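K.L.:
The primary structure of each chain is shown beneath.
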Amino acid sequence: MLDKLQSTLEKDTRISAWSIVASIHNGYQIYTNLGKQEAIRAVTQKQWRILLHTPLKNTAGEQQIGQTSVEIVEGERDIQSRINAAVEQARLHGLPPYTLPSPGAVYPDFNDTDPAIRDNPWKTLEQLEDQIREAVSRENHIETAASEFFLNHTALQLINSNGLNLETENSDVVWDICLLYNNGASETEFWDVKKRAGTHHMDIGKEISRFAQFARDAAVAKAPKSGTCPVVLTGDNLYILLLYFLNHSGALSAYNDAAMFKPGQPVLPEPFKGDNLSIASNAILRGGTHSYRFDNEGFPGQRIPVIADGVLKQYWGTAQHAQYLGIKPTGAFGNIEIPPGTCSWDELFQGSDRVILVHQFSTFDPQPVAGNYLGEIRVGYEYRADGTVIPLRGGSVTGNVVDGMINCRFSRECETFYGYFGPRGIRFERAQVAGD
Amino acid sequence: MNVIPDYIQQIKDDLAEAVDALEKHFPFAQALFTEQDGIAMHVTAKDAGIASIPPRRGVVLSVFNGVSYSELATSDTRSDNLKTLVERLKNAVSSEPGDSPSPGDVLHADYFSDCKEDPRTMSNRDKLDHLKALQQRLSGMSSKLVSAPVRYSERIDRRVYVNRSKQLFQELVNTICVPVAIVSDGKSSKVYHSGNGIQGGFEMARISDDELATMVANAEKLLTARHVEPGTYDVIGGPALAGVIAHEAFGHGVEADMFLKNRAMAADYLNKQVASSIVDLIDNPALPGSSGSYFFDDEGYPASETKILQNGILKRVLTDQRSAMLLNLPRTANARRQSFAHKVYARMSNTYFARGNSSLEDMIASIDYGLYMPDGSNGMEDPKGWGIQAEAPFAIEIRNGKLTDNIFSPAVITGFVPDLLKSITMVGDTIGFMGLGTCQKGHKEQVKVAIGGPALKMIARVG
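First to last, the sequence lines map onto chains A and B.
Start counting the first sequence at 4; every next residue gets the next number (this note's numbering).
Start counting the second sequence at 63; every next residue gets the next number (this note's numbering).
Rather than coming from a laboratory, the hints here were simulated on the basis of the structure.
The structure presented is a predicted model; accordingly, all values stated were derived computationally and were not measured.
Careful: at least some of the hints might be erroneous.
As the list claims (entries may be wrong) - A few chain A positions that, by computed beta-carbon distances, are all more than 10 Å from chain B:
| hint | residue |
| --- | --- |
| 1 | 42 |
| 2 | 71 |
| 3 | 126 |
| 4 | 188 |
| 5 | 207 |
| 6 | 281 |
| 7 | 322 |
| 8 | 402 |
| 9 | 410 |
Said to hold, decoys possible - Cβ-to-Cβ under 7 Å is the rule here; a few derived chain B residues that face chain A:
| hint | residue |
| --- | --- |
| 10 | 112 |
| 11 | 114 |
| 12 | 117 |
| 13 | 141 |
| 14 | 187 |
| 15 | 189 |
| 16 | 192 |
| 17 | 322 |
| 18 | 325 |
| 19 | 349 |
| 20 | 403 |
| 21 | 451 |
Think of the CB as a built atom: it goes at the ideal place given N, C-alpha and C, for glycine as much as any other residue.
Let's have the full structure, built from the sequences with the hints guiding it.
P.N.:
Below is the structure:
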């Protein structure tokens with residue numbers, strides 16, 4: 004199919020540039036309820052995503068391009084009709100010209116694919132289920148309400164009209180797990196969904212142990228007292244917490260006049276009172292869910308400093324909007340990387356009457372334009388000055404990530420969570436807490 | 063446009079043949095074909111674009127062997143490949159003694175959703191020109207606007223369901239148009255959007271100047287908004303917030319597949335009072351024109367209304383084939399998949415509180431000090447603990463029965479679901495629906511839904 008599409012696009016004189024990303028995806032899924040298998044599923048998908056440019060001129064006679072994308076799936080009945088429709092779509096609006104990547108870049112020798120998913124997925128699923136059973140059996144009064152595993156492997160090939168021809172593969176595992184704790188008087192649960200780059204980046208035993216403790220603590224947890232206090236955020240929340248900084252440092256936002264940051268200028272309206280913020284895009288991080296050897300346009304994966312000591316070093320951007328701004332494209336943003344902070348994890352919980360640690364919100368979707376964040380506490384702990392630690396559940400934490408970063412502390416200890424590598428905990432000195 | 067394409071008829075025949083072959087080995091088999099296509103457009107002051115929505119076409123063959131389901135899903139829908147999948151299933155799965163799902167009554171039918179302005183009969187040029195004009199009208203509305211993108215999509219969803227009794231086809235056209243206002247005072251930027259999603263056509267993109275002006279005004283208000291003082295307030299939630307509460311409280315909380323996992327507190331509350339007696343709550347995939355509607359669910363069950371709460375009493379829950387069979391509960395039309403590549407679960411469709419008899423003015427006038435949250439944005443369920451998170455982009459202060467100019471943002475309601483629903487003392491007389499969103503099961507498995515209701519007066523913890 005790839006050869007056929009390439010030939011079709013090359014012959015089409017209406018098309019000035021194109022790229023095709025061919026993907027073959029294999030998924031393997033198992034669903035278990037209360038120890039019994041509910042379903043198993045296997046999914047195969049092949050698709051070819053085409054980006055194409057058509058030459059256009061604006062009313063002043065200047066050269067422009069039309070652009071659109073179209074996806075072809077297996078068994079497509081009439082490829083030429085799809086291409087014709089795409090060309091017509093592209094011709095509807097003229098854009099400033101930009102060029103797609105050409106051969107010559109150095110590509111990293113990066114492949115974090117999980118061989119167990121690629122080579123032996125069903126056996127791997129059995130082993131994962133065994134690991135859950137074994138780990139749960141070590142926990143008192145804990146049982147598995149439900150577990151779902153999704154093992155995914157994707158092989159990718161990218162070719163374009165400039166002669167680029169690249170191949171890579173990647174994997175991921177999504178684990179939806181719910182543990183029940185029954186102490187005879189009440190029953191509580193802990194539920195979460197974890198996505199990791201492969202089973203080799205997932206420690207089922209350690210996670211079950213942590214999750215079981217969360218389920219037990221839920222039985223005695225209560226909502227916090229209303230007021231303001233320091234809050235420590237950790238885990239997968241850290242990636243989405245920081246999307247505000249990705250949004251305002253992106254060439255797309257800058258081109259559309261929607262970016263608050265400018266190169267060489269501070270990213271916060273006030274000087275830092277705590278740890279300075281530095282952010283890099285790291286696309287070659289082992290264990291990062293946003294890692295890649297090359298991105299969807301064909302730019303090589305790399306590590307790029309974006310914000311250094313609170314100042315925007317450069318916009319990150321893909322070919323189109325980077326070239327519009329006259330800057331070098333960096334490729335798609337990879338994983339968020341932040342350097343270690345100045346205090347230990349334990350020190351994050353000191354120096355205040357109470358500090359709230361949130362492991363999990365019910366849902367957490369900070370606003371990437373304004374930076375507002377809010378969430379109901381699903382799993383939290385209140386660290387009090389007298390050394391006691393109280394489990395929390397219910398109530399909410401609200402704040403703004405810009406306000407938070409002005410007076411913020413990062414832990415020295417670093418971990419990889421989802422698409423984030425950096426301090427295990429980030430402490431905002433002041434957040435609003437609504438509770439009892 | 064209501065014509066069944068030739069390839070759909072071929073798919074129907076192939077799936078019927080596959081089901082027939084599979085049922086020679088298994089007590090029950092079913093098959094589903096899903097396909098989506100359409101276009102997405104975006105317009106900003108400097109940029110515009112149009113792209114095809116990825117087709118995502120494929121088939122899932124599903125067998126129940128007496129104990130559990132096994133499924134093979136593929137994007138290769140050719141007849142020969144489906145025959146290969148049938149053989150793979152027969153070779154990989156053994157049949158066991160046990161109950162089997164019912165295929166239901168014999169039904170062969172084809173369904174099409176209605177559009178006032180069918181987007182497939184309009185030129186893309188006309189649509190893009192309209193969106194550019196809309197974007198220009200919006201751009202001129204405030205000096206604080208730094209960006210004013212407009213997004214539009216039309217998505218055509220086709221599904222074929224086949225079992226030994228049924229051969230069904232439906233084609234649904236869902237349209238979304240979202241103008242966005244990004245405003246800045248130089249120190250911070252805020253965003254607010256308008257628009258809606260419907261099952262219908264390009265009429266969705268006919269957005270008035272009044273609606274745009276209200277959106278821009280709301281965005282500007284956010285620039286001066288303060289944080290709300292955390293606490294418990296008399297709250298009036300508008301239709302969007304009411305919809306979020308409906309969806310998160312007794313939408314997710316009554317999805318019966320959660321009962322099978324021992325994850326639903328609602329299992330202990332059937333036929334018990336869980337809300338104020340003036341509260342009725344409904345899930346209805348047969349609602350005409352709503353973005354969560356369909357004619358049959360992904361296990362072939364015909365769409366119909368389910369009254370979940372009646373006079374505040376939990377009466378019915380939402381089921382799919384498996385949960386209804388194992389729990390001996392009535393089947394409702396709520397078995398849904400994101401696509402052929404995803405498993406079926408019990409899911410919501412259009413979930414909303416029923417209309418009451420109070421005017422919004424009377425509701426506001428009844429509050430000495432409180433908050434009015436006209437809009438809602440997001441939320442989260444907690445079926446086991448019955449906690450709830452319902453977010454609003456802003457809240458307006460009510461003082462002495464009148465709205466003031468004080469705006470708080472953001473605002474989130476949290477609490478224990480029955481406490482919240484039992485605190486409802488007034489239900490509005492005007493109902494509204496929001497169809498922009500999708501729903502996830504946990505954090506995955508997206509399906510199109512709508513939420514809604516009238517304004518609700520309640521007592522809520524707000525942070």
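K.L.:
Run every hint past the structure and note whether it holds.
P.N.:
Verification of the hints:
1. With 10 Å as the threshold on Cβ separation, the claim that residue 42(A) sits away from chain B is violated: the shortest Cβ distance comes to roughly 4 Å.
2. In this structure residue 71(A) is not separated from chain B by more than 10 Å, as the shortest Cβ-Cβ distance comes to only about 5 Å.
3. A cut-off of 10 Å between C-beta atoms confirms that residue 126(A) is not in contact with chain B; the least separation is 14 Å.
4. No beta-carbon of chain B is positioned within 10 Å of the beta-carbon of residue 188(A); the least distance is around 15 Å.
5. Once the 10 Å rule is applied to beta carbons, residue 207(A) is consistent with being away from chain B; the minimum gap is 18 Å.
6. Chain B leaves residue 281(A) outside its interface by the beta-carbon criterion, the shortest separation being 22 Å against a cut-off of 10 Å.
7. Against chain B, the non-interface label of residue 322(A) holds: every CB pair exceeds 10 Å, the least being about 14 Å.
8. Its closest Cβ contact with chain B, about 8 Å, brings residue 402(A) to no more than 10 Å, contrary to its assignment away from the interface.
9. For residue 410(A), the shortest C-beta to C-beta distance to chain B comes to about 16 Å, beyond the 10 Å cut-off, and the non-interface label holds.
10. Interface hint at residue 112(B): satisfied, since its Cβ lies 5 Å from the closest Cβ of chain A, which is below the 7 Å cut-off.
11. Look at residue 114(B): its Cβ gets to within about 4 Å of chain A, closer than 7 Å, so that hint holds up.
12. For residue 117(B), the shortest C-beta to C-beta distance to chain A is roughly 5 Å, which falls under 7 Å, so the interface hint holds.
13. Contact between residue 141(B) and chain A, as hinted, is not supported at the beta carbon level, the nearest pair being about 10 Å apart and thus beyond 7 Å.
14. Checking residue 187(B) against chain A: minimum C-beta separation of about 6 Å stays under 7 Å; hint holds.
15. Taken as an interface hint, residue 189(B) does not check out: its beta carbon lies about 9 Å from the nearest beta carbon of chain A, beyond 7 Å.
16. With a cut of 7 Å, the hint placing residue 192(B) at the interface with chain A is violated, because the nearest CB-to-CB distance is about 12 Å.
17. For residue 322(B), the interface hint holds, since its Cβ comes within 7 Å of a Cβ in chain A; the closest pair sits about 5 Å apart.
18. Interface hint status for residue 325(B): upheld, as the beta-carbon distance to the closest one in chain A is roughly 5 Å, under 7 Å.
19. At a threshold of 7 Å, the smallest CB-CB gap from residue 349(B) to chain A is about 26 Å, leaving the interface hint violated.
20. Given the 7 Å rule on beta carbons, the hint for residue 403(B) holds: about 5 Å separates it from the nearest Cβ of chain A.
21. Proximity of residue 451(B) to chain A holds as hinted, the smallest CB-CB distance being about 4 Å (cut-off 7 Å).
Hint compliance for this structure: hints 1, 2, 8, 13, 15, 16, 19 are not met, and every other hint is.
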